[in-house]
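Note that the protein sequences, when read in sequence, are chains A and B. Using our numbering, you'd call the opening residue of the first sequence number 13 and step up by one each time. Using our numbering, you'd call the opening residue of the second sequence number 545 and step up by one each time.
Where hints are given, some of them may not hold.
To be verified - No more than 25 Å apart at the CA atoms, straight line, and that leaves these computed lysine-lysine pairs for PhoX-like:
#1 A:Lys24 with A:Lys85
#2 A:Lys21 with B:Lys620
#3 B:Lys624 with B:Lys697
#4 B:Lys697 with A:Lys21
Hint data in this document are derived by calculation from the structure and do not stem from the laboratory. Note that the structure is predicted; figures quoted are calculated from it, not measured.
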Amino acid sequence: MSSSCAEKKENKRLIVTWLALLVLTSVSVVLVETATAYSISSTVISGVLVCFVIALKGQLVIDNLIGLRLANKNIRRVMLSYFYVLPLLIALGIAFPDIIVSMTTTDP
Amino acid sequence: MIPGDIAVWILIFAEISEFALFFIIFIVAKAHHPEVFAEGVLQLDTFSGISNTFILLTSSFFIAKGVQAIRLGRVKESQKWIIYTFLCGAAYCCVKAWEYHVNSQRGIGIETDLFFTIYYYLTFNHLLHVMFGMCGLLWVYLRSRFNAYSAEKHEGLEAAACYWHMVDLAWIIIFPLLYVLI
Numbered sequence: 013m014s015s016s017c018a019e020k021k022e023n024k025r026l027i028v029t030w031l032a033l034l035v036l037t038s039v040s041v042v043l044v045e046t047a048t049a050y051s052i053s054s055t056v057i058s059g060v061l062v063c064f065v066i067a068l069k070g071q072l073v074i075d076n077l078i079g080l081r082l083a084n085k086n087i088r089r090v091m092l093s094y095f096y097v098l099p100l101l102i103a104l105g106i107a108f109p110d111i112i113v114s115m116t117t118t119d120p
Numbered sequence: 545m546i547p548g549d550i551a552v553w554i555l556i557f558a559e560i561s562e563f564a565l566f567f568i569i570f571i572v573a574k575a576h577h578p579e580v581f582a583e584g585v586l587q588l589d590t591f592s593g594i595s596n597t598f599i600l601l602t603s604s605f606f607i608a609k610g611v612q613a614i615r616l617g618r619v620k621e622s623q624k625w626i627i628y629t630f631l632c633g634a635a636y637c638c639v640k641a642w643e644y645h646v647n648s649q650r651g652i653g654i655e656t657d658l659f660f661t662i663y664y665y666l667t668f669n670h671l672l673h674v675m676f677g678m679c680g681l682l683w684v685y686l687r688s689r690f691n692a693y694s695a696e697k698h699e700g701l702e703a704a705a706c707y708w709h710m711v712d713l714a715w716i717i718i719f720p721l722l723y724v725l726i
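Chain B extracted, bound-state conformation (with noise of 0.2 Å):
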C-alpha cells in the first residue's frame, strides 16, 4: 500500500534530491571554509530557527491526526487537522519573515559571504516549497468541503500530506545545519 499515490512519491524523491545536492554543497564549502561558516552560524537568530521547527513539528502532528481522521470517515475532524496545518505553514512563513527582516537590519544579505548566500538559497528556496505544500493543504480542504473524501476514497488528501510531511523533513536537516553545528 502506497500513502497517497506513487506521481506524488516520485515528487517528493526527486524534491528531497534536489535538497540532498545542496546539503552536500554545504558540506563541502563549509569544510573550505570554517572560519567563515562558525562565524555566519552565530549571527543567525536561533530562535527563529527553533521556533519554526516547532511549528513544522506540530504541522506535521497535524497533518497525520487529518488523515487518521479522513481513515475513520470524520470529514468535519479532519478538516478541522487540515485547517491547523494550514495556519501552522503561515505562521512558519510569518517566522521566516521576521528572520529576514532582522537580518537585512543587522546588514545581512544574500551577498554577505558564502554562508549568507548557501543559507539564503536554501532557506528561500524551503520556504517556497512550504508555500507550495500550503497551496496543497488549501486545494485538499476545498475539495474536502465538496465532499471528495471518504473513509475508502481519500488518496488526494493523503498525497497533500505526504508532500507537507517531506517539507518537514527537509527542514529537520536544514535546521541543525544552519542554525546548530559550528
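Next up, chain A with everything else stripped away, as it sits in the complex (with noise of 0.2 Å):
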C-alpha cells in the first residue's frame, strides 16, 4: 500500500471516528431525555444502555484516536478493561441500588 493511500485511510479513521462520538454522545442524551418522560423502568433500560455508550466510546478513543489498538497491548488491556468495569458498576448502581446500600451500611 502507497504511504498516501495509507494516510488517506488513516484520516477517514480518524474522522469517522470523531463523528461516531459525537453522534454517541448525541444519543445517549436523547436516550435518557426521552426515557425520563416515561417510567423508573424505562429510566433503568436507558441508563444500562448509556453505560454500554460509555463503554462504546472509550474503546474508540483507546484504539483509535491514541491508538492502542496497534500499540502496547498490556497498556491497551488495562485501558479497555477500565471502560468495561467502571460502566458496569455504573449500570449496576442504577439498576440494583439497594444491594448497593445493603453492602455499605454497617448494621447497628
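Each chain sits in its own coordinate frame; assemble them with the hints.
Okay, here's the thing in C-alpha cells:
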C-alpha cells in the first residue's frame, strides 16, 4: 500500500471515529431525556444503555485516537478493562441501588 | 511499542485510578441518596455539559491529527493541530467558568447538598487536569517551534497527546454520570 493511500485511510478512520463519538454522545442524551418522560423502568433501561455507550466511546478513543489498537497490548488491556468495569459498576448502581446500600451500610 | 513513554502511562494510570475512586464514591452516595442526586442532575445546565463533551472529543481528534502529522514529518501541520487542541482546552475552561457562574447565580454552591459537593470536587478536579494538559500542550508546541520533534523522534509530543486523551476519557464518564443519568 502506498504511503498516501495509508494516510487517506488513517484520515478517514480518525474522522469516522470523531463523528461516531459525537453521535454516540447525542444518542445517550436523547435516550435518557426520552426515557425520563416515561417510567422508572425505562429510566433504568436507558441508564444501562448509556453505560454501554460509555464503554463504546472509551474503546473508540483508546483504539483509534490514542492508537493503542496497534500499540502496546498490555496498556490497551488495562485501559479497556477500565472502560468495561466502571460502566458496569455504574449500570449495577442504577439497576440495583438497594444491594449497594445494603453492602455499604453497617448494621446498628 | 508504547505511545509516548512508560512514565506518562504510569501518570495516566495514577490519574484514572483517582477518578475511578471518585466514580465509585458517586455510585455509592447516589444509591444512598437517590432523590438528592436526581434533583441535582435536573438543576445542572445540560447544554454546558454537552458543549464541553463536544469540545473535548474534538480536541482529542485534533491532537490525534497532530500526532499523525508529526509521524509523517510535517512539523508545521503538527504545530497547527496542537494550537487547535489548546484552543479547545481554553474553550472548555470558558464554558466551565460560565457554568460555575450560572450555578452561583442560582444559589448553587459546594455546600448546597451531597450531589453538588461531589459535582464540584469532580468537575474542578477535572478542570485542573485540563489546565495541566494545556500546559503540556504549550510546552510541546514551544519545543516543536525549536525543532525538537521530527518523524523519527517525537515521544514528548506523543506523551502530551496521551495525557490529553486521558483528560477526554475521564470526561466521557463524568458527563453522563453528572449531567445525564438520573
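Quick rundown of the hints versus the structure:
no.	hint	in the structure
1	A:Lys24 with A:Lys85	24 Å, holds
2	A:Lys21 with B:Lys620	22 Å, holds
3	B:Lys624 with B:Lys697	18 Å, holds
4	B:Lys697 with A:Lys21	23 Å, holds
Hint violations for this structure: none, all hints satisfied.
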